[in-house]
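*Asks:* Assemble the whole structure, with the sequences as input and the hints as a guide.
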Amino acid sequence: MIVLPPPGTLLQSLMQMMATWLQLTLTKTSALDLGKDGIRVNSVHPGSVNTPLTVNLKRGFGQIPLDRAAEPTEISQLIVYLASDESTFASGGSFVLDGGETAGNNLRDDK
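Using the working numbering, read the sequence shown as starting at 68 and increasing by one per residue.
Hints are computed from structural coordinates only; laboratory data are not their basis.
Check each hint, because a few of them may be wrong.
Stated by the list, open to error - The calculated label-pair distances, taken between Cβ atoms and stated as ranges, are:
(1) 122 / 83: 19 to 25 Å
(2) 134 / 96: 32 to 38 Å
(3) 146 / 105: 18 to 24 Å
(4) 140 / 169: 20 to 26 Å
(5) 90 / 171: 19 to 25 Å
(6) 102 / 134: 35 to 41 Å
(7) 119 / 171: 27 to 33 Å
(8) 146 / 95: 16 to 22 Å
(9) 138 / 169: 16 to 22 Å
(10) 82 / 151: 30 to 36 Å
(11) 160 / 125: 30 to 36 Å
Don't be surprised by glycine CBs; every beta carbon is placed ideally from N, CA and C.
*Replies:* Here is the structure:
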């Protein structure tokens, strides 16, 4: 017997996977196409970030090895680096800033 998730959940998951695939593919194909013109293309994929919109969210960090959300400056520092002349050989990269969350299953009891 196959048990399906509640209505909308499967569709949301499929849409999220497609959007992620599109971002990664667009980053790589754009880097290939525009590299000959000296244009570098990278993408940044932050995980949970402390912002005014997320300040009241109730969330656990049991799946994040660093056990916290990122600060906005931690994300912006990477973006400044990628936009600078110090990263002239970085192109076609997808940079994940999620405290190690996507490195693997790290579920543990939140304390």
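*Asks:* Taking the Cβ atom of residue 140 and the Cβ atom of residue 169, is their distance within the range 20 to 26 Å?
*Replies:* The hint (20 to 26 Å, Cβ to Cβ) holds, given that residue 140 and residue 169 are roughly 21 Å apart.
*Asks:* That 30 to 36 Å hint for residue 82 and residue 151 (C-beta), does it hold up?
*Replies:* Holds: the Cβ-Cβ distance is about 34 Å, inside 30 to 36 Å.
*Asks:* I want to verify a distance hint. Is the separation of the beta carbons of residue 138 and residue 169 within 16 to 22 Å?
*Replies:* holds, 19 Å
*Asks:* Using the Cβ atoms, figure out if residue 146 sits within 18 to 24 Å of residue 105.
*Replies:* Roughly 19 Å apart at Cβ, these two residues keep to the hinted range, so it holds.
*Asks:* Could you check the hint for me, namely that residue 90 and residue 171 are 19 to 25 Å apart, CB to CB?
*Replies:* Given range 19 to 25 Å: holds, Cβ gap about 21 Å.
*Asks:* Starting from the hint 27 to 33 Å, judge whether the C-beta atoms of residue 119 and residue 171 obey it.
*Replies:* holds, 31 Å
*Asks:* Residue 146 and residue 95, beta-carbon distance inside 16 to 22 Å?
*Replies:* holds, 19 Å
*Asks:* Is it true that residue 122 and residue 83 lie within 19 to 25 Å of each other by Cβ?
*Replies:* Cβ of residue 122 to Cβ of residue 83: about 24 Å, so the range 19 to 25 Å holds.
*Asks:* Per the hint of 35 to 41 Å, is the separation of the Cβ atoms of residue 102 and residue 134 within bounds?
*Replies:* Between residue 102 and residue 134, where Cβ atoms are some 38 Å apart, the hint holds.
*Asks:* Taking the Cβ atom of residue 134 and the Cβ atom of residue 96, is their distance within the range 32 to 38 Å?
*Replies:* Distance hint for residue 134, residue 96 holds at roughly 36 Å.
*Asks:* When you take the CB atoms of residue 160 and residue 125, is the distance between them in 30 to 36 Å?
*Replies:* holds, 33 Å
Figure legend: structure checked against the earlier numbered hints; every hint is met.
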